[in-house]
Amino acid sequence: MLTKKLALSPDRCFSPEPVQRRLAHQFFDSISALPLVCPHGHVDPALLANPAARFGSPTELFIIPDHYLLRMLYSRGIPLQALGIPTSDGSPAETDHRKIWQLFAEHFYLFQGTPSGLWLKDELTNVFGVDEPLNSRTAGYIYDYLERLLALPEFSPRALFKRFNIEVLCTTDAASDTLENQRSLHEEGFTQIRPTFRPDAVVNLDAPGWRENLTKLESTVGKEISTYATFIKALEERRAFFKKMGATATDQGAATPYTTRLSDQEAEAIFARALTGKLNPGDVENFTGHMFMEMARMSVEDGLVMQMHCGVMRNHNPALFETFGSDKGADIPLKIEWTQNLRPLLSAYGNDRRFSLILFGMDESTYSRELAPLAGHYPTILLGPPWWFHDSVNGMERYFNQVMETAGLYNTAGFNDDTRAFVSIPARHNVWRRVACNWLAGLVTRGLVEEEEGYDMARALAYDLAKVAYKLD
Amino acid sequence: MLTKKLALSPDRCFSPEPVQRRLAHQFFDSISALPLVCPHGHVDPALLANPAARFGSPTELFIIPDHYLLRMLYSRGIPLQALGIPTSDGSPAETDHRKIWQLFAEHFYLFQGTPSGLWLKDELTNVFGVDEPLNSRTAGYIYDYLERLLALPEFSPRALFKRFNIEVLCTTDAASDTLENQRSLHEEGFTQIRPTFRPDAVVNLDAPGWRENLTKLESTVGKEISTYATFIKALEERRAFFKKMGATATDQGAATPYTTRLSDQEAEAIFARALTGKLNPGDVENFTGHMFMEMARMSVEDGLVMQMHCGVMRNHNPALFETFGSDKGADIPLKIEWTQNLRPLLSAYGNDRRFSLILFGMDESTYSRELAPLAGHYPTILLGPPWWFHDSVNGMERYFNQVMETAGLYNTAGFNDDTRAFVSIPARHNVWRRVACNWLAGLVTRGLVEEEEGYDMARALAYDLAKVAYKLD
Amino acid sequence: MLTKKLALSPDRCFSPEPVQRRLAHQFFDSISALPLVCPHGHVDPALLANPAARFGSPTELFIIPDHYLLRMLYSRGIPLQALGIPTSDGSPAETDHRKIWQLFAEHFYLFQGTPSGLWLKDELTNVFGVDEPLNSRTAGYIYDYLERLLALPEFSPRALFKRFNIEVLCTTDAASDTLENQRSLHEEGFTQIRPTFRPDAVVNLDAPGWRENLTKLESTVGKEISTYATFIKALEERRAFFKKMGATATDQGAATPYTTRLSDQEAEAIFARALTGKLNPGDVENFTGHMFMEMARMSVEDGLVMQMHCGVMRNHNPALFETFGSDKGADIPLKIEWTQNLRPLLSAYGNDRRFSLILFGMDESTYSRELAPLAGHYPTILLGPPWWFHDSVNGMERYFNQVMETAGLYNTAGFNDDTRAFVSIPARHNVWRRVACNWLAGLVTRGLVEEEEGYDMARALAYDLAKVAYKLD
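Chains as they are written, first to last, in our numbering: chain A, 19 to 491; chain B, 19 to 491; chain C, 19 to 491.
Simulated from the structure, these hints should not be mistaken for lab results. Treat the hints with care, since some could be wrong.
You can't tell identical chains apart in this list, so a pair holds if it fits in one copy or across any two.
What the hints assert, rightly or not - Calculated lysine to any residue pairs in the SDA-like style (CA-CA distance at most 20 Å, straight line):
id, residue 1, residue 2
1, K485, G95
2, K346, P226
3, K346, N333
4, K261, F208
As the structure is a prediction and not an experimental result, all values here were calculated from the model.
Please put together the full structure from these sequences, using the hints given.
Written out as structure tokens, the structure is:
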């Protein structure tokens with residue numbers, strides 16, 4: 019049992035070597051007040067659109083929606099029902115939020131040395147002013163304290179948005195989304211909340227509920243989508259609308275970055291088979307690969323930055339998926355091949371100065387082998403920051419050490435928090451900024467970069483690169 | 019030529035940074051007296067079962083059985099015959115052990131910076147009290163000195179077993195093994211020596227001598243095994259016997275962790291083909307993949323922990339294999355895919371609280387990409403420590419840095435020495451404990467873990483995790 | 019904008035930890051005066067063969083031929099035409115070298131933290147005595163200064179060759195090369211400039227201009243090459259000639275290290291199809307795989323060391339290739355598999371003491387998984403130093419940490435600079451020597467290697483290993 023006060027080390031993420039640590043502090047001090055640029059993430063815009071919105075109980079805020087926490091707790095034998103996750107089979111889920119919080123606190127030691135542990139400690143300390151470590155003894159007290167705060171207007175999503183000094187926040191929205199929340203936010207003056215066009219639910223033919231997703235899209239565009247040609251037209255219309263609503267980027271996810279150009283006839287035929295629900299083997303992969311090409315083509319035309327997030331098997335655990343649905347911590351990364359898979363797309367659009375492509379994957383063996391060389395050659399490619407499991411102290415260090423020598427700093431896209439956990443945003447940026455400054459301090463103390471350059475590079479990593487990459491200037 | 023005394027640095031494996039080093043020492047001091055838990059290894063139980071057993075000459079103890087040494091010496095042009103390895107073609111092997119030792123000592127510099135070098139220096143110093151470096155000049159003197167000691171009862175296997183403070187030692191035994199050695203050890207009170215059920219020789223249809231192995235199994239169970247159904251029954255019987263004899267785990271090795279559920283008919287048909295020696299393409303892989311499923315099913319039923327060691331091509335060098343046989347240092351790792359290969363097995367048993375699976379591989383690119391995410395989700399998966407070539411200072415550091423942030427400490431299985439070199443056991447645990455403590459000291463000095471937590475984590479890594487993972491409490 | 023003087027830190031590449039740094043300096047001081055051994059590279063021998071040769075303008079020396087610089091500048095949107103690269107489509111390329119230099123200087127910040135940046139700073143400082151940082155303000159002044167120096171005899175290739183203290187320099191030459199440059203160099207006494215036999219242009223049937231390359235070979239050997247048998251004979255003749263001209267090694271590059279032994283009939287049939295330009299699917303891969311076997315067979319017979327450079331997709335960007343040709347920075351690495359691909363070759367020649375094979379790849383995930391175990395077993399395999407993108411501070415540290423524990427120091431081939439940028443040779447060796455000494459200092463300060471051993475290992479890495487590996491003693 020811990021006996022000390024909860025205290026975040028002011029030196030966290032910094033090398034213990036005194037000279038490097040001192041310099042890391044200097045770099046960090048020079049950038050720590052910069053606003054947060056959040057060009058990719060999953061915050062629900064409804065949270066911000068409604069001034070009366072509240073986060074709910076501490077359990078609703080911290081535990082129930084966070085698949086990072088759920089997966090770890092589940093991995094140590096805690097049933098998701100006990101964490102309040104509703105089931106599709108009608109088996110009862112715990113509804114006593116204070117009890118769920120107690121269970122969580124008893125297992126908080128599981129997060130020792132993990133990014134979730136670091137973020138949570140930062141949130142409790144710096145957002146809410148908790149000054150005791152979270153454990154079974156303190157759980158109840160801290161729950162009550164948080165519950166009180168969360169009811170206050172000062173802890174509403176809107177209030178925290180301002181307090182967090184977020185300069186821009188991009189949400190991620192389905193192709194069929196009417197963007198009502200963004201519209202009302204913009205009308206209130208929150209123009210820094212921008213949508214991102216994510217058409218996975220309709221371009222990946224194996225997306226759960228594809229037919230229903232398409233129906234929603236039909237409803238949004240007000241037209242029947244009975245052919246590939248009308249499908250493409252609908253997507254183009256929607257992109258134009260998103261752009262009008264402030265979007266500067268799109269995003270697509272797939273298991274593999276395979277790209278291929280189908281003929282219109284082939285694309286029509288696959289789309290027709292999808293509508294009848296009778297796909298042939300290879301149809302899904304070929305259509306997704308083709309739609310990467312089409313989305314790139316549209317990006318050339320409308321200037322939206324294209325993002326690809328590849329290499330995850332979603333819903334690896336079928337039983338869990340059936341009972342609890344997606345996003346419960348059961349997505350597992352896959353190895354990826356970029357060099358050959360992206361070649362068709364890059365041969366078509368890789369030299370086009372109107373095009374911009376940001377790549378994300380979780381196969382770190384591709385950092386130095388494929389991603390950095392690709393970004394270090396093609397004028398259209400930038401590398402996204404370490405994604406998901408690698409959004410961590412070590413993940414960032416590996417990224418810096420494996421990417422930067424070959425890609426160069428200016429072929430990277432800065433940081434994005436990629437989170438649906440709104441309250442964790444400052445903590446996540448804080449880790450990135452600290453690790454970046456410590457890496458730069460290491461370069462300077464090892465004589466590889468001048469100290470003056472280090473300040474510029476720190477600012478770029480903390481702020482400038484993300485704005486430039488996502489055309490948010 | 020070295021002129022200094024052989025001296026193991028008390029700081030070995032620790033960062034040169036003084037604050038981190040001091041803390042690493044503190045953590046290490048807190049756990050260095052804990053008994054050794056050895057839940058997986060290849061020590062011959064006959065060594066311990068016979069009170070009169072001796073290790074033989076220094077060459078028989080250190081060189082002839084150690085494929086880590088053989089491979090390195092062979093790689094630098096020393097024929098295995100010159101190291102006393104018997105040949106199948108009748109070509110003469112050196113029999114003068116003092117001469118072999120001299121040859122080894124002349125090449126001991128080849129092990130600079132390798133784990134074998136570190137272990138050997140530790141063994142010579144701490145087990146035998148050698149205080150000079152091993153080289154061509156000292157070889158004869160050290161040989162004579164060791165030879166004298168090895169004849170003494172204080173240096174018998176039994177005596178060292180006690181001196182090493184081994185709390186539990188699991189051997190690895192064929193499915194057909196009658197476990198006579200374990201039986202006599204238990205009768206003498208050595209109940210802490212436990213068998214492990216390893217059925218590779220009969221479940222992998224391409225195992226060398228498969229038919230003979232099956233005959234041995236028939237002989238042990240006292241029944242003909244002429245069908246797949248009787249084969250499964252025999253394995254179940256043997257598992258029950260192993261469990262009665264103290265086994266808490268099984269182990270299986272294969273080139274790939276491919277898992278697949280065959281129908282009983284398919285399994286019967288393949289097994290029948292194996293008996294006639296006329297396998298079809300794919301039979302071996304499918305049967306091994308199916309037997310992974312069956313072994314998991316049996317583990318659910320009998321509670322034995324299941325281990326998988328995957329991703330090695332055995333006997334890569336055919337000419338060497340023909341002349342000298344297996345385990346002479348010619349096994350080479352392969353890349354592995356876990357995410358897709360394990361899915362059938364995990365879909366069937368991955369959520370079953372009665373099941374426990376420990377994974378080992380030598381493809382480090384899967385640490386952060388596949389293994390840590392799998393262990394960080396499935397309640398049934400633990401990750402084994404760095405295996406074989408990666409049982410080294412850097413191998414462990416990579417493991418800690420690439421696994422722990424995602425899997426969390428408590429989804430790992432602590433350490434096991436996996437060795438047939440009994441005398442090296444304390445040295446191997448020593449390296450693990452030192453590297454672990456240094457890693458923890460790094461986390462604390464970088465503000466990522468509290469110092470108090472570090473002590474708990476050090477103890478878990480040195481002792482508790484292995485006991486829990488292998489149900490040795 | 020930098021305001022300080024350009025100053026290379028004397029501590030560059032060394033750990034900031036004072037004890038490790040001090041020891042790294044001591045190791046470095048002990049080896050920094052050793053001559054440079056350059057057993058593999060792409061320096062044009064004509065540069066040295068002609069005593070009147072000059073490097074041309076600073077732009078011709080530093081920018082136009084350096085695909086490391088071109089790729090980074092291109093990746094940030096600078097057209098290759100603006101850098102003076104001639105086009106095949108007749109579009110005009112910049113010819114004002116002073117203007118190109120200015121453009122380069124304005125973008126020199128892109129090379130912060132990259133090996134190119136480090137080498138260039140070293141070259142400007144230590145070869146040319148430039149004492150200001152290169153940027154838009156200083157560009158013109160530095161250009162004029164360099165232009166003056168480059169016209170002087172003291173800065174001729176020959177003069178620098180002597181000043182650089184190069185003990186041996188191996189060039190890389192096509193199978194059809196008459197080696198006239200080497201011949202005249204040898205006649206002048208420059209016997210330390212040796213050719214290397216690289217037959218890619220004729221053994222890889224998909225090499226650009228394969229038919230013309232074969233015609234050149236026919237012309238050199240003075241015989242028609244109309245069959246596979248005469249082709250093999252021609253290669254054997256040429257190897258004998260290269261050997262007579264001082265060659266000690268061959269080199270081959272391919273996308274994959276796939277090896278296979280074809281029957282003479284199969285080889286004849288593929289070769290015949292190649293002559294008619296009508297290859298079947300698989301012919302190219304099978305023929306290259308077979309020629310690896312044949313080159314190994316010839317190496318057994320003539321004693322030339324065999325090098326394999328595998329795992330790069332050449333000319334990934336078709337549009338760029340069409341306009342600007344090869345070697346403009348558009349080659350992208352691929353993942354590689356060595357364990358299974360090399361097995362046929364190693365089964366045939368891997369134990370033959372007359373054979374020696376040095377392996378290079380850019381898939382770092384194979385360092386610890388495949389390459390180090392292969393080198394740590396087969397007496398014929400050595401590992402080449404980190405190649406191309408990984409010829410960098412971090413690339414070397416990864417190599418040392420991932421290779422050495424398993425392969426051992428003496429199964430590696432030291433350093434080679436692999437460069438066509440003659441003036442960068444000392445800078446490249448300097449980085450290697452520094453990183454090696456810092457790595458050794460880390461081993462000693464962590465108690466893993468004795469200080470005395472460190473001096474021997476430093477010398478081996480800086481000098482001895484390369485000489486032994488390439489039989490340059």
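Verification of the hints:
1. Taking CA atoms no more than 20 Å apart as the test, K485 paired with G95 passes between copies only; the shortest distance there is 18 Å, against 42 Å inside one copy.
2. When the C-alpha separation of K346 and P226 is checked against a cutoff of 20 Å, the pair qualifies only within one copy, where the shortest distance is 15 Å, while the shortest distance between copies is 44 Å.
3. In this homomeric assembly, K346 and N333 come within 20 Å of each other (Cα to Cα) only inside a single copy, at 8 Å, whereas the closest approach across copies is 43 Å.
4. Taking CA atoms no more than 20 Å apart as the test, K261 paired with F208 passes inside one copy only; the shortest distance there is 16 Å, against 66 Å between copies.
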